[in-house]
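Q: All chains should be built: construct the whole structure from the sequences, respecting the hints.
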Amino acid sequence: MLRDMFSNTTNDVDNSTSIIADASASMLIPTRVVFYIFLLLDIPSVICSLILLYYFIRLPEVHYHNESNQIIIYLLIGSFLVTSLDIPLMLPYLHNYSYIPSMAHPNIFCIFWIMYDYGMYSINLWLMTLACLERYLRIFFKQLITHNAKRHFFLYYVSAITIVLFVFFWYLYLIALYPCEQSQFDFTQILCGFPCYKTVGSVTIQNTDWAIADLLPLFLSILFIFILFSHVFYQRHRVSKHLTQQNIWKRTRKMFLQLLPITIIFLVFNMPLIIVGLLAISNPWYNTTPYFYVNSLSYCLSLCMPFAILSRQSVIQKRLATLLRLRRLNRTRPTNISVMPLRLGNTVTVRRSILATGMLDGL
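The number in the working numbering is simply the position in the sequence shown, starting from 1, with 223 added.
Heads up, a few of these hints could be off.
Using 27 Å as the maximum straight-line C-alpha spacing, the simulated DSS-like pairs for lysine-lysine come out as follows [unchecked claim]:
#	residue 1	residue 2
1	LYS365	LYS477
2	LYS477	LYS541
3	LYS365	LYS473
4	LYS473	LYS541
Pair ranges (Cβ atoms, derived) [unchecked claim]:
#	residue 1	residue 2	range
5	ASN553	ASN371	32 to 42 Å
6	PRO311	ILE331	48 to 58 Å
7	LEU367	LEU439	22 to 32 Å
In case anyone wonders, no lab produced these hints; they're calculated from the structure.
Cβ coordinates follow ideal geometry from the N, Cα and C atoms, glycine included.
A: This is how it looks when you write it as structure tokens:
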């Protein structure tokens, strides 16, 4: 994802490189700040993702019996793959400002890292587009996907697999197979610099990559979000006049609110990146310090995604609340109780430790 949103032509590469070099000093302090932000957010984000994945698998009422969570699980997995591998690979650079290759084949690692970073960003954008479309169809055209097994299979499985395969082969071609001479990777730069198609490749390829992998899914997501919001508010207006549709509105409201926090963080963390990318078309300066800020901000989408998902999972929240209460009860607390012996006439006072053993079964 740390990529130029709109690549310069070959003649402009030297100019943009000098601009980036001039701005590098001004980014040293922000880089250290970004390092600590990523570090502090990444650990709880990974833990939250693992907890959600555990309960999505363990609890049938939030997975098998609630198909509306299926696309949500895709988004969770996509963000987890970023926070568990991509961001940890960036932390050494953000902390030391350089990479020291210590592996046997650093060039292969750079190719893998660039493919992984570019690919996961594009996959998550397309999955968000799929989530918005699925939620709109499930709320307002539920019969189209629930009463037809082929449509259901296509929406929830074929589309997701197609997204992953398309993005994978697209970047496999651009980064590993594209007919351009890849110079030595710059191990002092994050993502080892840029792949050759970004610097000496065809401008048409560069712009097509940006449009297909970034701009198009973002535009479709915003379009579907706008249509969904408009239709939901229109239905709310109708329900206020027809009390018989209250049950329909309750179902609509629940499914709409489940996606709402996800759409909010999606727009907040992605729109600045696209805006700066568009501004960089006419002014390469936007590819320096402004781009560093907004591009770092875009990683917060994956960091915050698990918490946005958890905020609308009431069943999992109740399980976690119960688990925390039992953990507190698990601490030994001596209590006085009265026991009446069978053969003695007096009351004997004993001390017992209340333990919550056995109460954690089923969590």
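Q: For each hint, tell me whether it holds in the structure or not.
A: Right, here's what the structure says about each hint:
1. LYS365 / LYS477: holds (14 Å)
2. LYS477 / LYS541: OK: LYS477 and LYS541 at ~17 Å, within 27 Å.
3. LYS365 / LYS473: holds (15 Å)
4. LYS473 / LYS541: This hinted pair holds, its Cα atoms lying about 21 Å apart.
5. ASN553 / ASN371: 32 to 42 Å: About 49 Å separates the Cβ atoms of ASN553 and ASN371, which means 32 to 42 Å is violated.
6. PRO311 / ILE331: 48 to 58 Å: Given range 48 to 58 Å: violated, Cβ gap about 19 Å.
7. LEU367 / LEU439: 22 to 32 Å: Given about 24 Å between the Cβ atoms, the range holds.
Of the numbered hints listed earlier, those contradicted by the structure are 5, 6.
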